[in-house]
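Chemist: The chain contents come next:
Protein chains: 2
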Amino acid sequence: MAATLSPHSSAQLAPPASLDPLVVPQRLLLGPGPSNADPRVIAAMNHQPIGHLDAAYLAMMDDVQDLLRYTWQTTNPLTYAVAGTGSAAMEATLANAVEPGDRVLVCVKGYFGHRLADMAQRYGADVVTLHCPWGEAFTLDQLTAALDQHRPAVLAIVHAETSTGVRQPLEGLGAACAAHDCLLLVDTVTSLGGVPIWLDQWQVDLAYSCSQKGLSCAPGISPFTMSPRAEAKLARRRQPVANWYLDANLLRKYWGPERVYHHTAPVNLTYALREALRLLADEGLEARWQRHQQTAAYFWAGLADLGLTCHVEASLRLPTLTTVRVPDGVDAKAVSRQLMADYNIEIGGGLGELGGKVWRIGLMGYNSQRQHVDTLLQALGEVLHKV
Amino acid sequence: MAATLSPHSSAQLAPPASLDPLVVPQRLLLGPGPSNADPRVIAAMNHQPIGHLDAAYLAMMDDVQDLLRYTWQTTNPLTYAVAGTGSAAMEATLANAVEPGDRVLVCVKGYFGHRLADMAQRYGADVVTLHCPWGEAFTLDQLTAALDQHRPAVLAIVHAETSTGVRQPLEGLGAACAAHDCLLLVDTVTSLGGVPIWLDQWQVDLAYSCSQKGLSCAPGISPFTMSPRAEAKLARRRQPVANWYLDANLLRKYWGPERVYHHTAPVNLTYALREALRLLADEGLEARWQRHQQTAAYFWAGLADLGLTCHVEASLRLPTLTTVRVPDGVDAKAVSRQLMADYNIEIGGGLGELGGKVWRIGLMGYNSQRQHVDTLLQALGEVLHKV
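Those protein sequences? They're chains A and B, same order as listed. When the letters of the first sequence are read in order and numbered with my numbering, they come out as residues 1 to 387. When the letters of the second sequence are read in order and numbered with my numbering, they come out as residues 1 to 387.
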């Protein structure tokens with residue numbers, strides 16, 4: 001039989017040594033993400049795929065769009081989920097908004113600002129960066145002055161810096177950008193579903209997020225939105241979007257009423273995202289924000305009881321992600337390793353210039369619960385006592 | 001409480017009208033993809049996420065790489081799964097292999113050849129296309145003559161054209177490309193795991209696939225590989241890869257021994273893909289190819305009994321995807337609609353110049369079973385009798 005298939009079948013490489021069925025360890029995920037998913041979301045994923053043009057699937061896509069608009073507080077028609085992780089949605093904003101030669105002002109106050117600058121450069125942007133110390137936020141005056149100085153086509157800024165735990169206030173920035181004919185691009189990866197966001201009131205033009213933090217879904221599908229102003233810039237492009245997979249012109253035809261095939265959608269992740277967003281709407285946005293704030297405040301009080309200090313001042317501190325200073329003489333990585341080895345708890349280490357100096361502890365979405373705070377604080381106290 | 005969160009909380013958009021929990025209809029997916037997943041694969045997905053740098057997760061990534069090398073019959077070190085659908089993996093090959101100004105020869109014999117040409121152009125390639133009728137394959141002489149004429153840096157060709165059902169013979173093409181210092185890029189979306197492939201023996205330099213066809217996994221994570229020759233071209237680039245998310249330089253550091261964070265991996269889809277590939281290795285590649293060939297032959301015989309004709313001649317006909325000619329006077333879409341409405345069976349319609357002229361019927365991976373052929377043929381016979 002093999003000979004009828006092809007002349008080469010005798011030279012086959014051997015399969016790898018026999019592999020065992022999958023075993024997934026149980027972890028409490030209190031790092032910068034992924035977080036544990038709501039069990040109801042995992043259950044929603046546990047179905048056979050259906051077709052990406054099946055009427056039942058198209059209805060789910062519509063639900064996801066409506067729910068994302070609510071979650072972001074926007075009426076943007078172009079609001080959908082990218083078939084990739086948060087970094088793909090991040091890239092989608094730049095791929096669509098930037099034409100070669102456009103000046104892009106990237107406000108860097110942590111690792112993900114650097115990533116935005118890197119990505120924008122690859123799309124041919126003339127990138128200018130504005131910096132502030134890791135652990136602080138920009139003032140509106142600083143940002144307005146930079147707009148005056150650089151006259152960018154796009155200003156990109158991270159709302160919730162996952163590397164520092166800082167919440168960047170955004171009030172007034174959208175109006176300043178609009179006055180400069182500049183699009184405002186905001187990373188909401190670590191804020192969506194956990195920290196107050198009003199995209200339309202803030203006049204945000206482009207935003208993206210991920211599924212596995214405040215939304216309590218599995219990773220791999222990612223919210224994306226662009227305002228009518230951003231759409232107008234897209235329509236004026238002289239060159240096609242360099243990225244076919246993330247081209248909003250093509251994705252609009254699939255997510256919109258035309259329903260033109262673009263890619264085979266990640267259907268099981270859509271099941272999960274719809275369920276995650278539905279549960280969020282059931283809880284209510286404000287109730288959810290309050291839960292995050294209250295759980296975080298409870299955690300911060302507990303940290304103080306352990307003699308530990310937060311890296312970010314209280315008014316700018318994210319409820320979703322806390323950077324905790326590593327006490328002098330303590331090996332940050334040894335503590336993380338011990339928490340994983342003895343307690344199956346994952347926390348994150350510092351990134352970039354905060355490497356070794358902080359732990360990053362997430363209380364996001366489904367995981368924003370007092371019982372998890374108690375579990376973590378007890379384990380952390382015991383580990384710190386040992387190391 | 002809301003007042004402490006933000007000054008704007010009073011102006012909140014309302015949530016969508018209350019949504020019901022997810023209901024997923026049960027379909028038999030016999031279109032061009034997605035296909036039904038092996039139930040053991042769906043079960044593997046049904047776990048909480050773990051961290052993308054968790055030691056247990058890194059071990060799964062290694063398993064996936066080994067299993068993909070076996071499935072593709074390659075020893076390429078750079079073999080991994082892209083965090084997106086097959087179109088993202090397609091784009092990954094071009095993004096990494098093409099520098100602006102590179103001549104890329106795209107062999108177009110169906111819809112997906114056109115897509116390759118579109119993507120390559122967006123990366124600044126000087127694209128030349130070679131065409132043959134939809135439903136036929138290129139001869140080696142045609143391809144070698146085009147290499148002589150155009151001297152491309154990359155030749156891109158689809159092994160299994162999902163729009164036509166044609167298997168493109170690849171024997172000898174890799175050697176011809178190598179002699180012309182040209183990289184050979186092959187789409188194996190509808191062949192991997194169902195149709196014989198020997199990437200190394202065929203001297204293929206870049207390849208990609210999807211998860212939801214021959215591999216019987218959910219969609220959203222996609223195989224990608226590049227040869228050492230393609231890596232050498234990547235290393236010689238004067239410009240960075242225009243696509244951050246798919247940049248093999250960065251992904252190599254995450255999938256390789258350095259384990260540098262790049263993106264938050266789609267961990268649940270990795271669970272699923274590992275299980276799908278493990279089941280494939282358990283069955284054995286040759287046994288799996290034979291199963292596909294035998295199921296397809298059984299189907300083709302049954303089509304003849306119904307008086308239906310295949311669009312592609314037998315020697316070039318894919319076992320995974322059959323294009324069936326729509327008889328004169330029959331409304332192709334009405335038949336598909338009826339199969340879905342009355343039998344919950346999905347089949348595909350014709351794309352591009354085959355629109356309305358063929359149905360596309362997939363028997364892929366887990367779905368390559370005689371019982372599904374029987375189910376479909378009976379339903380098709382009944383529907384054709386009615387319309």
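Because the hints were derived from the structure by calculation, they are not lab data. Where hints are given, some of them may not hold.
A pair holds if it fits inside one copy or across any two, identical chains being indistinguishable in the list.
No more than 25 Å apart at the CA atoms, straight line, and that leaves these computed lysine to any residue pairs for SDA-like [claimed, not checked]:
#1 333 <-> 235
#2 386 <-> 240
#3 357 <-> 54
#4 253 <-> 349
#5 253 <-> 117
#6 357 <-> 301
#7 357 <-> 180
#8 253 <-> 330
#9 357 <-> 201
#10 333 <-> 355
Predicted model only: the values in this text are computed from it and were never measured.
Chemist: Could you tell me which of the hints above the structure violates, numbers in ascending order?
Modeler: Those not satisfied are hints 1, 2, 7, 8, 9.
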